[in-house]
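The hints should help you fit chain B onto chain A, whose structure is shown.
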Amino acid sequence: MCRRVVVLRVEVCARARERRGLALAEAGVPATTYRGNRVRRSSDKETGMIVAGIDVGSKNTKIVALRDGEVAVRVTVSSGFDQEESARVGLEKAAAELDIGFDDFAFVAATGVGRKAIAFAGHLLTEVAADARGAAALDPEARTVIDVGADEARAIRVDEGGKVLDFAVNEKCAAGAGAFVEAMSRALEVSLKEFGEISLESTESIPMNAQCTVFAESEVVSLIHSNTAPKDIARAVHDAMAGRVSAMVRRAGVQGAVVIGGGVAHNVGFVQALKDTLGVAELRVLPQPEYLGALGAALAAADKAGDKAGEGARVAGEA
Amino acid sequence: MTEEIQEFWRWSEKNWRAPGLDWRDASVVTAGIDVGSVSSQAVILADGVVFAYHSTRTGSNSPDSAKKALGGATEGTGMTLDDVHYVVGTGYGRVNVPFANRAITEIACHARGANSMIGPTVRTILDMGGQDCKVIRCDEKGKVQNFIMNDKCAAGTGRGMEVIADALGVPIEDIGSRSFDIDDEPPPVSNVCTVFAKSEATALLKAGWSINRVLASYCAAMAERVAGLIDRLGMEPEFFITGGIAKNAGVVRRIERLVGVKAVPLPDDTDLDPQIAGALGAALFAHALYRKEQRAAAAAG
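Those protein sequence lines, which keep their order, are chains A and B.
FYI, the working numbering numbers position 30 of the first sequence as 30, with every residue one higher than the one before it.
FYI, the working numbering numbers position 254 of the second sequence as 254, with every residue one higher than the one before it.
Simulated from the structure, these hints should not be mistaken for lab results.
No experiment lies behind these values; they were computed from the predicted model shown.
Please note: incorrect hints may appear among the correct ones.
Computed cross-link-like contacts, SDA-like style, restricted to lysine to any residue with a CA-CA straight-line distance of at most 20 angstroms [as the list claims (entries may be wrong)]: (1) K152(B) with A210(A); (2) K59(A) with K206(B); (3) K152(B) with N209(A); (4) K152(B) with V221(A); (5) K116(A) with K152(B); (6) K152(B) with Q211(A); (7) K59(A) with A207(B).
Anything over 10 angstroms on all C-beta distances counts as not near chain B; from chain A, calculated [stated by the list, open to error]: (8) E84; (9) P140; (10) K172; (11) E204; (12) G243; (13) A281.
Glycine included, each C-beta is placed from N, C-alpha and C at the ideal position.
Chain A on its own, in the form it takes in the complex:
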């Protein structure tokens, strides 16, 4: 699958911002209080307009920064306990790589389960909106978008414009999310990567009875004790989870090109099992799948930055 370059039509002009700054100065607003505004003077330098999208997941926080609409840097940090602090550390990292200051992002948008903790974000969007947005940019043909993360999974049906038509979410049960596969690979004592790979070599399909992650762990242990080949156990685990995820996908509806993002999309064993269970000819794994939500948030941030610049121009024009 080819990697599509995200191109944005952000009509930002540095002059508009200059004018807004001027208008504010004329209105007696001192320049320092203007710092809080996300419309920064960064574009005055030769850095281009830089925005960031933060996806605060249950396990990892992913950050995508765009420079003039193109992905400039990707950063992942552990979400940890203090989500805002983790996001700040991640954003500082991104800023350092871009050689700009923390305050130099023209706009920051956040999504993900912990998005509300990010006080410094100028805009919050739901995971569904972010995923739809990101997927439309990565694969314009995508009509069914699946995102399987560590603790959550969702399926979104979108139209040709990337607009959300319907969606289904599982955020209640670990058995339908990455945590399930992770727990099982731990029980088998193989790395997640290997767990996915060996699953493809399996020739035998054995059903798993347990639906719950906690119970499935004991089931995997008893399968190990009954000398079941690890590759067959891995396949059984992926098939079981694919069954649950595909039920959720069907609730949202399957149509057109089906794409998958989220960290679990790296798991080849799961992707194969999901493709088989869904009965689709092709299940496209999005490039850098774990950054799907962050990319969507970054694209939304770029829009907002554009709007603000436009607004600034209007204000200045009226003044």
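For chain B alone, kept in the frame of chain A given last:
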């Protein structure tokens, strides 16, 4: 030198013998064996009266667990399997009790056992087992009228409590009392998924919550989950709780608070344990079935 790893989830096994009772004096000796997913119990009746019981951990093999439970109950009494006239198996592994004359569902057995422990006034029984949770409605004879169960998900089961005992390093038998040693009742953690509840609990610890407060929050979540199940079937007093979690006051008191009904306690003069209700019911069924067989044989002969 290896350090011994403490297993916080491991509850102590229990063995009880009726004082001053000799099974050799009884004309009918029956046994009920409840092979659960986590624990196995055996109850031995001498002429319909509890003579001995034993509670042990279920191993990976159901027939062995059944033998272990019965072996524990008969140990030192001189009783062998041949002395037992009738055996009824129940629980998750009931079909794997090799020496059982019959297998009866744990739902019927818990209702029967609760009826015997508390009396004919019991209508709603909550059985919180190791890997499932059931709410049973029965009549004054202990006959099942309706039930509802969750056996798909660890939330609201003993296994869920073991997971948290291990995660927080608190002996499982201390959880109930420690969960009340708090200043104010905290909001519950996720009541839907044990995996998420565990990560929430560890996050709360990191946020500076005391272990007791986290335990309270976890017990509250479990109570909420179970109360939801009770609500679906409807609560009709009297209310009795069986299974291992009946011994966890932290969960029981919070369930009572949510459903607005107090669970009837076991009478003070009994040494029975709510965890053996299923095996007791099975043993009572065994007694009745054996008597019925005898009567049929007498009528035929």
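A quick look at each hint next to the structure:
1. K152(B) with A210(A): holds, 7 angstroms
2. K59(A) with K206(B): holds, 15 angstroms
3. K152(B) with N209(A): Holds - the C-alpha atoms of N209(A) and K152(B) are around 9 angstroms apart, at most 20 angstroms.
4. K152(B) with V221(A): holds, 18 angstroms
5. K116(A) with K152(B): At roughly 32 angstroms apart (the allowed maximum being 20 angstroms), K152(B) and K116(A) break the hint.
6. K152(B) with Q211(A): Cα-Cα ~6 angstroms, so holds.
7. K59(A) with A207(B): With Cα atoms ~16 angstroms apart, K59(A) and A207(B) stay inside 20 angstroms; holds.
8. E84: holds, 13 angstroms
9. P140: Answer for P140(A): holds, closest chain B Cβ roughly 35 angstroms.
10. K172: At roughly 4 angstroms from the nearest Cβ of chain B, K172(A) sits no farther out than 10 angstroms, so the non-interface label is violated.
11. E204: Answer for E204(A): holds, closest chain B Cβ roughly 22 angstroms.
12. G243: At roughly 13 angstroms from the nearest Cβ of chain B, G243(A) sits farther out than 10 angstroms, so the non-interface label holds.
13. A281: Per Cβ check, A281(A) is outside 10 angstroms of chain B; nearest 32 angstroms; holds.
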